[in-house]
Amino acid sequence: MMTQQLPLNIEGLEQYQSKLESASGAWLKAFRQKAFDQWSAIGMPTLKDEEWKYLSLADLVNRRFQIATHHKLIEDKQFENYRDKGDINIVLVNGVLWGELSDLKHLPAGLTVSSLDAALAHNNAEIQDTITKLVPNDTKAFLWMNQALFLDGVCVQVAKNAVIEPVVHIIHVTSGIAPETIVFPRTFISVGEAAQVNILESHICFEPVSYLSNAVTDMRIASNAVVAYCKAQAEAHQAVHVGTTRIWQEKGSSLDSFSFNHGGLLTRNNLSILIKGEGTHTIMNGLYGLNGNQQVDNHTLLDIQHPNCTSYQLYKGLLNDKSRAIFNGKIYVHAVAQKTNAYQLNKHLLLGKEARVDTKPQLEIFADDVKCTHGATIGQLSQEEIFYLQSRCITQQMAIQLLSKGFIDDIINTIKNDSIRGKLSRLLLKRFPEVL
Amino acid sequence: MSDAIKQKELEDNKLAGAGEYRYGFHTVIDEDKPPKGLNEDTVRLISARKKEPEWMLEWRLKAFRHWQKMQEPSWPNFEYGPIDYQDIYYYAAPKQKNASPASLAEVDEELLKTFDRLGIPLSEQKRLSGVAVDAVFDSVSVGTTHQGELAKHGIIFCSFSEAVTHHPELVKKYLGSVVPYADNFYAALNSAVFSDGSFCYIPKGNRCPLELSTYFRINSENTGQFERTLIVAEEGSYVSYLEGCTAPTRDTNQLHAAVVELIALDNAEIKYSTVQNWYSGDKEGKGGIYNFVTKRGKCAGVNSKISWTQVEAGSAITWKYPSVILQGDNSQGKFYSVALTNNRMIADTGTKMVHIGKNTKSTIVSKGISSDFAHNSYRGLVKIMPTADGARNFSQCDSMLVGNNCSANTFPYIEVKNNTAVLEHEASTSKINAEQMFYLRSRGLDLEESISLIINGFCKDVFKELPLEFSVEAVKLLEMKLEGSVG
Numbered sequence: 000m001m002t003q004q005l006p007l008n009i010e011g012l013e014q015y016q017s018k019l020e021s022a023s024g025a026w027l028k029a030f031r032q033k034a035f036d037q038w039s040a041i042g043m044p045t046l047k048d049e050e051w052k053y054l055s056l057a058d059l060v061n062r063r064f065q066i067a068t069h070h071k072l073i074e075d076k077q078f079e080n081y082r083d084k085g086d087i088n089i090v091l092v093n094g095v096l097w098g099e100l101s102d103l104k105h106l107p108a109g110l111t112v113s114s115l116d117a118a119l120a121h122n123n124a125e126i127q128d129t130i131t132k133l134v135p136n137d138t139k140a141f142l143w144m145n146q147a148l149f150l151d152g153v154c155v156q157v158a159k160n161a162v163i164e165p166v167v168h169i170i171h172v173t174s175g176i177a178p179e180t181i182v183f184p185r186t187f188i189s190v191g192e193a194a195q196v197n198i199l200e201s202h203i204c205f206e207p208v209s210y211l212s213n214a215v216t217d218m219r220i221a222s223n224a225v226v227a228y229c230k231a232q233a234e235a236h237q238a239v240h241v242g243t244t245r246i247w248q249e250k251g252s253s254l255d256s257f258s259f260n261h262g263g264l265l266t267r268n269n270l271s272i273l274i275k276g277e278g279t280h281t282i283m284n285g286l287y288g289l290n291g292n293q294q295v296d297n298h299t300l301l302d303i304q305h306p307n308c309t310s311y312q313l314y315k316g317l318l319n320d321k322s323r324a325i326f327n328g329k330i331y332v333h334a335v336a337q338k339t340n341a342y343q344l345n346k347h348l349l350l351g352k353e354a355r356v357d358t359k360p361q362l363e364i365f366a367d368d369v370k371c372t373h374g375a376t377i378g379q380l381s382q383e384e385i386f387y388l389q390s391r392c393i394t395q396q397m398a399i400q401l402l403s404k405g406f407i408d409d410i411i412n413t414i415k416n417d418s419i420r421g422k423l424s425r426l427l428l429k430r431f432p433e434v435l
Numbered sequence: 000m001s002d003a004i005k006q007k008e009l010e011d012n013k014l015a016g017a018g019e020y021r022y023g024f025h026t027v028i029d030e031d032k033p034p035k036g037l038n039e040d041t042v043r044l045i046s047a048r049k050k051e052p053e054w055m056l057e058w059r060l061k062a063f064r065h066w067q068k069m070q071e072p073s074w075p076n077f078e079y080g081p082i083d084y085q086d087i088y089y090y091a092a093p094k095q096k097n098a099s100p101a102s103l104a105e106v107d108e109e110l111l112k113t114f115d116r117l118g119i120p121l122s123e124q125k126r127l128s129g130v131a132v133d134a135v136f137d138s139v140s141v142g143t144t145h146q147g148e149l150a151k152h153g154i155i156f157c158s159f160s161e162a163v164t165h166h167p168e169l170v171k172k173y174l175g176s177v178v179p180y181a182d183n184f185y186a187a188l189n190s191a192v193f194s195d196g197s198f199c200y201i202p203k204g205n206r207c208p209l210e211l212s213t214y215f216r217i218n219s220e221n222t223g224q225f226e227r228t229l230i231v232a233e234e235g236s237y238v239s240y241l242e243g244c245t246a247p248t249r250d251t252n253q254l255h256a257a258v259v260e261l262i263a264l265d266n267a268e269i270k271y272s273t274v275q276n277w278y279s280g281d282k283e284g285k286g287g288i289y290n291f292v293t294k295r296g297k298c299a300g301v302n303s304k305i306s307w308t309q310v311e312a313g314s315a316i317t318w319k320y321p322s323v324i325l326q327g328d329n330s331q332g333k334f335y336s337v338a339l340t341n342n343r344m345i346a347d348t349g350t351k352m353v354h355i356g357k358n359t360k361s362t363i364v365s366k367g368i369s370s371d372f373a374h375n376s377y378r379g380l381v382k383i384m385p386t387a388d389g390a391r392n393f394s395q396c397d398s399m400l401v402g403n404n405c406s407a408n409t410f411p412y413i414e415v416k417n418n419t420a421v422l423e424h425e426a427s428t429s430k431i432n433a434e435q436m437f438y439l440r441s442r443g444l445d446l447e448e449s450i451s452l453i454i455n456g457f458c459k460d461v462f463k464e465l466p467l468e469f470s471v472e473a474v475k476l477l478e479m480k481l482e483g484s485v486g
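Chains as they are written, first to last, in numbering that gives the first Met the number 0: chain A, 0 to 435; chain B, 0 to 486.
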């Protein structure tokens, strides 16, 4: 089997795999093997795959990669600036949980954090059940690659009825790697019945290096739980980030999610939310602020399998220079999911002359008693609005800044938690000093 | 109208009253029908029957050879029975006593009767004054009305075969210029075996005084209909063109793969309206027409306009995307569509608007109504090329679901490569508003009347784009189709 051509060119793969194998239990071994076989069989997606129609991975396939073996944080000043003392910081370096940097000692009651490796070694049935049952979404190739090769990860569990006040900040930092390395950040979150929690998952890197981050996050939200979840991606400028987020929402639960894309040369996000119970509420918001040659591809799927659910989705993109955004939002309403209300909107502001957008909001509806709408707009700043501000003695530059900021604030302000919002605003300001 | 026809019309109306397909009758007529099967000889035979020049045959053969190398598309989100391309009659022409009738008076009475029964009077004295008709029966055009009057204005309106014979220079210049023979699987098939269709040429600065129309009738069993329409509007001209279609009730599926090409030069305008009512199969989804059509227009000149208006009420499967290539600066493309599906019908329709010229504009309004076990999809593409400065698009697609076993999908693709473009897209899916229903019912309207009124309101934006006679017909068609499927 090892002799066959693999979808990606990875040096020292066999060694790495045998190391993985010797360290893991029977369940995990079988799980990895199955994923590896599937990954080898399916290969990397090409432009001919409908789900990858607009994002070319040709460059990735031609590169030679290695897998991260050192897990130590090098650049720590900027890192310290990034995290807040008031949060519960959980730090993973190149996919491995780093106890010294994390606040694991004084966790509030009801919150458990452990390494995913350890959790799986204890044959945790809930995790095993969830990660097998969550259907693979559009990034099958990347998901299977992660399942086959991930080394560790973090497992965050919130107990039944627990209310966690501070933000749980999971920081995946990439550091100290050689160029052309692959990292596999993996996160598992389980929120118990009627629990409440605010989670921020950051993917950051402060070193100018090129790498591929293949991240997978699985989250199970039990009935009546209330979760705010934000994924902030601020990878290095040369990095490729492919993120798969799979969320399972049970009866009466509420999820307020936000996807923030900021760094990386090429980013692909797959967010899929399965509605597994009645009366859920889901918010899926997102923002991408791009410049230079950046490309961001957001694919979202909301699969509504039960009645009386509501969902709101707003994704906004600010595109500077030659950047490129791709959006595909799918809402799938099954025949039993009556009384569904689903709203989806995707807005783009094109500042750059050569910026490019491909968007496809998509509805597939099999139930009749529903209200579903979607919309998409693409445009540049209105000349009239700029003129109005200029006639009020505001310079043109300032007017553009004000209007762009208005465009972004509209979506940033949907984040209710101050600490999270503050961090995202700081990141944006650093990237768009002349615009914002 | 003779008594016999009146009698038949009464029967048809009775059928319609029971929610049945009223155009499902079959005309018994002698046919010239070469054997089934598709190979180069079939292509040669069709070309020979039509007495075509050598260049036309060459073009067909080129298309056929290319088609052999192509794969049937597999991307749609619906399934249809495998089509055996060797089990189809590619040519079926009614045998007429007079092989080439010089005028309509010489056309067989049986054929004229058929069109009378369909509500398309061809006989000179009964014609509506405002519309010129080209009537296509299976593989051939049986007659074109008002040709003399149109000729006075220099307008050419004839069957495609006549055009190949009498106006080869025009056909050569424009055939395949919008839909090349290699465009897609069904367009290639059509290019190889197309049998007839309409050709229309409006000379410079001319406003066509009549509505032009083509009526397509599939009659023969197991035949495929492959017609081709080509409309050229020269500088500053205007034409409004209507298309209607029906077929008999049968258990087997029949393939209809047409190609329509429109070319609008500087300041020209083409309005193309379709009321498609092919037989859609019975309640269990047995039989019906596979309507796999390629329609595309090119706004080649500055300030040119093309608008597609369609009411899709028939066919087992409708799979078509009338598109506009907006090449000339300031050109405009419009697409208005109502797709009504009931029983087990499938409609996958939409449009493509490709903006190339500066300040080009496009409008898309699509209304889908789905009931029983039907699937209704809007699939569209709006593409703004880097050269299309100041392009503008507005799209709206609304779906209405009647009943709990049907589905409505929207797949809008939006590709923007120019930052001066402004696009808006909106879509909604919902059911008939209970409050509106209650309001109408409380005013004494019965269930079906209320639904019909609401649906008409829902589709009004599209109906108002249709020429008057068609608009009335479309409203009636919708009422008829929905009868019995709700409540």
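Treat the hints with care, as some may be off.
Taking lysine-lysine pairs in the DSSO-like style, the calculated list, with each CA pair at most 27 angstroms apart, reads [to be verified]:
no.: 1; chain 1: A; residue 1: Lys52; chain 2: B; residue 2: Lys360
no.: 2; chain 1: B; residue 1: Lys203; chain 2: B; residue 2: Lys171
no.: 3; chain 1: A; residue 1: Lys47; chain 2: B; residue 2: Lys171
no.: 4; chain 1: A; residue 1: Lys52; chain 2: B; residue 2: Lys50
no.: 5; chain 1: B; residue 1: Lys416; chain 2: A; residue 2: Lys352
no.: 6; chain 1: B; residue 1: Lys382; chain 2: A; residue 2: Lys52
no.: 7; chain 1: A; residue 1: Lys370; chain 2: B; residue 2: Lys416
Computed list of chain B residues with no C-beta within reach of chain A, every gap over 12 angstroms [as the list claims (entries may be wrong)]:
no.: 8; residue: Trp74
no.: 9; residue: Ile87
no.: 10; residue: Asn183
no.: 11; residue: Arg249
no.: 12; residue: Asn408
no.: 13; residue: Ile413
no.: 14; residue: Glu414
no.: 15; residue: Lys416
no.: 16; residue: Lys430
no.: 17; residue: Glu448
no.: 18; residue: Lys475
Label pairs and their in silico Cβ distance ranges [as the list claims (entries may be wrong)]:
no.: 19; chain 1: A; residue 1: Glu353; chain 2: B; residue 2: Leu169; range: 47 to 57 angstroms
no.: 20; chain 1: B; residue 1: Pro33; chain 2: A; residue 2: Lys370; range: 35 to 45 angstroms
no.: 21; chain 1: B; residue 1: Glu448; chain 2: A; residue 2: Gly42; range: 24 to 34 angstroms
no.: 22; chain 1: B; residue 1: Lys463; chain 2: A; residue 2: Gln382; range: 42 to 52 angstroms
no.: 23; chain 1: A; residue 1: Gly291; chain 2: B; residue 2: Lys459; range: 23 to 33 angstroms
no.: 24; chain 1: B; residue 1: Lys463; chain 2: A; residue 2: Ser381; range: 48 to 58 angstroms
no.: 25; chain 1: B; residue 1: Phe184; chain 2: A; residue 2: Asp409; range: 41 to 51 angstroms
no.: 26; chain 1: A; residue 1: Lys370; chain 2: B; residue 2: Arg442; range: 37 to 47 angstroms
no.: 27; chain 1: A; residue 1: Asp409; chain 2: B; residue 2: Asp86; range: 54 to 64 angstroms
no.: 28; chain 1: B; residue 1: Asn403; chain 2: A; residue 2: Glu20; range: 22 to 32 angstroms
no.: 29; chain 1: A; residue 1: Val60; chain 2: B; residue 2: Glu71; range: 41 to 51 angstroms
no.: 30; chain 1: A; residue 1: Glu383; chain 2: B; residue 2: Arg442; range: 27 to 37 angstroms
These aren't lab readings, by the way, just hints derived from the structure by calculation. This structure is a prediction, so every number in the text was calculated from the model and none was measured. Even for Gly, the Cβ is constructed at its ideal location relative to N, Cα and C.
Worksheet entry | Beyond 12 angstroms from every chain A Cβ - status for B:Asn408 | violated, 5 angstroms
Worksheet entry | Verdict for A:Lys370, B:Arg442 (Cβ pair) under range 37 to 47 angstroms | Since A:Lys370 and B:Arg442 have Cβ atoms about 25 angstroms apart, the given range 37 to 47 angstroms is violated.
Worksheet item: Is the nearest CB of chain A more than 12 angstroms from the CB of B:Glu448?
Response: The claim stands: B:Glu448 keeps its Cβ more than 12 angstroms from every Cβ of chain A (closest is about 20 angstroms).
Worksheet item: Does the structure keep A:Lys47 and B:Lys171 at a Cα separation of 27 angstroms or less?
Response: Distance ~35 angstroms between A:Lys47 and B:Lys171 Cα, so the pair is violated.
Worksheet item: For the pair B:Asn403 and A:Glu20, does the Cβ-Cβ distance stay inside 22 to 32 angstroms?
Response: The hinted range 22 to 32 angstroms is violated for B:Asn403 and A:Glu20, with Cβ atoms some 51 angstroms apart.
Worksheet item: Does the claim that B:Ile87 lies outside the interface with chain A hold up, using a Cβ gap greater than 12 angstroms?
Response: holds, 30 angstroms
Discussion item. Beyond 12 angstroms on every Cβ pair: is that true for B:Glu414 relative to chain A?
Written reply: Answer for B:Glu414: violated, closest chain A Cβ roughly 5 angstroms.
Practice prompt. Return holds or violated for the Cβ distance of B:Lys463 and A:Gln382 against the range 42 to 52 angstroms.
Written response: violated, 33 angstroms
Worksheet entry | Given pair status - B:Lys360, A:Lys52, alpha carbons within 27 angstroms | holds, 26 angstroms
Worksheet item: Within a Cα-Cα threshold of 27 angstroms, do B:Lys382 and A:Lys52 meet the stated pairing?
Response: Given pair B:Lys382, A:Lys52 holds - Cα atoms ~14 angstroms apart, limit 27 angstroms.
Practice prompt. Take a look at whether the Cβ-Cβ distance between B:Phe184 and A:Asp409 falls inside 41 to 51 angstroms.
Written response: Given about 45 angstroms between the Cβ atoms, the range holds.
Discussion item. Need the status of pair A:Lys52, B:Lys50: alpha-carbon distance at most 27 angstroms?
Written reply: violated, 45 angstroms
Hints 3, 4, 7, 8, 12, 13, 14, 15, 16, 19, 20, 21, 22, 23, 24, 26, 28, 29, 30, counting from the list given before, are not met by this structure.
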